[in-house]
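Asker: Line by line, the protein sequences are chains E and S. Residue 37 in my numbering sits at position 18 of the first sequence; the count goes up by one each step and never skips. Residue 57 in my numbering sits at position 53 of the second sequence; the count goes up by one each step and never skips.
Mixed in with the good hints there might be a few duds.
[To be verified] SDA-like, lysine to any residue: derived pairs with alpha carbons at most 25 Å apart:
1) LYS135(E) to ALA161(E)
2) LYS135(E) to THR132(S)
3) LYS135(E) to ILE7(S)
4) LYS135(E) to THR156(E)
5) LYS202(E) to ASP131(S)
6) LYS135(E) to ARG94(E)
[As the list claims (entries may be wrong)] Cβ-Cβ distance ranges computed for the label pairs, FRET-style:
7) GLN116(S) to ALA161(E): 46 to 56 Å
8) PRO178(S) to ASN32(E): 37 to 47 Å
9) CYS114(S) to HIS122(E): 36 to 46 Å
10) LYS181(S) to ASP114(E): 51 to 61 Å
[As the list claims (entries may be wrong)] Listed next, the stretches of chain E that the computed footprint assigns to chain S, with coverage defined by at least 3 CB atoms under 8 Å from CB atoms of chain S:
11) 66-77
12) 92-98
Honestly, the hints are just simulated from the structure, not real lab data. These numbers come from a predicted model, not from an experiment. Note that beta-carbon positions come from the ideal geometry of N, C-alpha and C, so glycine has one too.
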Amino acid sequence: MRIAPVNAPFSPNVQALFDRLPASWSPPFKLFTVLARDERLLLRFTGSAVSYLEPSHVTVRQREVLLLRVTARCRCAYEWGMRVHYFAEQAGLSDAEVYVSVHGDADDANWQPDDKLLVRLADELHDTVSISDELWTDLRTAFSEEAVIQLLMMAGYYRTVATIANALRLPLEPQVGRPFPPKARPA
Amino acid sequence: MRIDPLTPPYSQEVQAQFDQLPPSWQPPFAHFTVLARDPRLLRAYRLGSVAYLEPSHLSIRQREVFLLRVTGRCRNAFEWCLRAHYFADDAGMTEPQLSASVYGSADDACWQTNDRMLIRLADELHDTATISDALWAELDGRLSDEAILQLILLAGHYRTNAYVSIGLQVPVDPRVKRPFPAP
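Go ahead and model the full structure; you've got the sequences and the hints to work with.
Answerer: This is the structure in structure tokens:
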């Protein structure tokens, strides 16, 4: 790692945050413990996630298709692998879908119709920082206005996650991290 | 705009959030009033900014050179114009620097030595979502670890701003005194 994370014992505010995280996220990820060098950075960062709103404007599947694609396009195995570990099963994502989130595109036959829209959104934002008129029309047919805003904020937030992990060279988390699948040879 | 913002009178919850904005930002900018359609989204978005920490790990000059470049590279006219309006003078930005923040490069003669590293950082994060060994060697030692973390979070937050502002086609605020530079 390029910057050393903070080790326990943590400050009271940081410990209180870690106590609120799901038990399965313990011990706290290095993504969090490195930001804890200034607890204001950590608390603002974690407080600005809109991925786990209850109720949410998007389903777990919609969220995870978008976020696997966002993190894969950023070449961030650190966050991509943890999303697969924690959420792929709940999101109903097959091994083939997980694979094409990294190595496929929106037209891949493995995606369901709604998935394609989310992959296109992640790709357009990654490549152009905008949304074409054609994609906008399709998005508004499938999603509420609030859902679109939530998707945009999540795409931005997980690019931030990916940038932290990439730029600081965070190693995969033990047990719950996994690398990208190798690219298969064409049949 | 592709999605209608809220208009006053606002709910108590939304008004309470707007009341926390600086007086010079009133009435609230359109990216805030559109995010306010779900106050949880507005709250999360506002929390995500580490631009105005007191004390900060960055000078105003460092922050603004960096954010003009981040927003400039995104072609985020909405936010670039707000930054130029509110902060360019305090940050000592010249007209050539404002223009170069959008269309120039880190090597342009107009930049001060210390600006160049920030332009390169914004560019690498925009183009690659990571930091090369060469640039890291330069950052490490000239900026504190915490300053680097703050810069990475700033780049991310203002990319999110671009997704909202450009994605929803939020128009440039009519109050700003400088237009987005022409190519």
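Asker: Please go over all the hints and tell whether each is borne out by the structure.
Answerer: Going through the hints against the structure:
1. The straight-line distance between the Cα atoms of LYS135(E) and ALA161(E) is roughly 11 Å, inside the 25 Å bound, and the hint therefore holds.
2. Annotation: proposed proximity of LYS135(E) to THR132(S) holds, straight-line Cα distance about 24 Å (limit 25 Å).
3. A distance of roughly 22 Å separates the Cα atoms of LYS135(E) and ILE7(S); the hinted pair therefore holds under the 25 Å criterion.
4. Restraint check for LYS135(E) and THR156(E): satisfied, since their Cα atoms lie roughly 14 Å apart, inside the 25 Å limit.
5. Between the alpha carbons of LYS202(E) and ASP131(S) the distance comes to roughly 23 Å, so the proposed pair stays at or under 25 Å and holds.
6. Between the alpha carbons of LYS135(E) and ARG94(E) the distance comes to roughly 20 Å, so the proposed pair stays at or under 25 Å and holds.
7. Our hint of 46 to 56 Å for GLN116(S) and ALA161(E) holds, since their Cβ atoms are close to 48 Å apart.
8. Checked against the hint of 37 to 47 Å, the pair PRO178(S) and ASN32(E) passes, with Cβ atoms roughly 40 Å apart.
9. Between CYS114(S) and HIS122(E) the beta carbon distance is about 43 Å. The supplied range of 36 to 46 Å therefore holds.
10. Between LYS181(S) and ASP114(E) the beta carbon distance is about 55 Å. The supplied range of 51 to 61 Å therefore holds.
11. Under a criterion of three residues with beta carbons nearer than 8 Å to beta carbons of chain S, the stated coverage of the segment 66-77 of chain E is upheld, 6 such residues being counted.
12. Counting residues of the segment 92-98 of chain E whose CB lies closer than 8 Å to any CB of chain S gives 3, so the stated coverage by that chain holds, three being the minimum.
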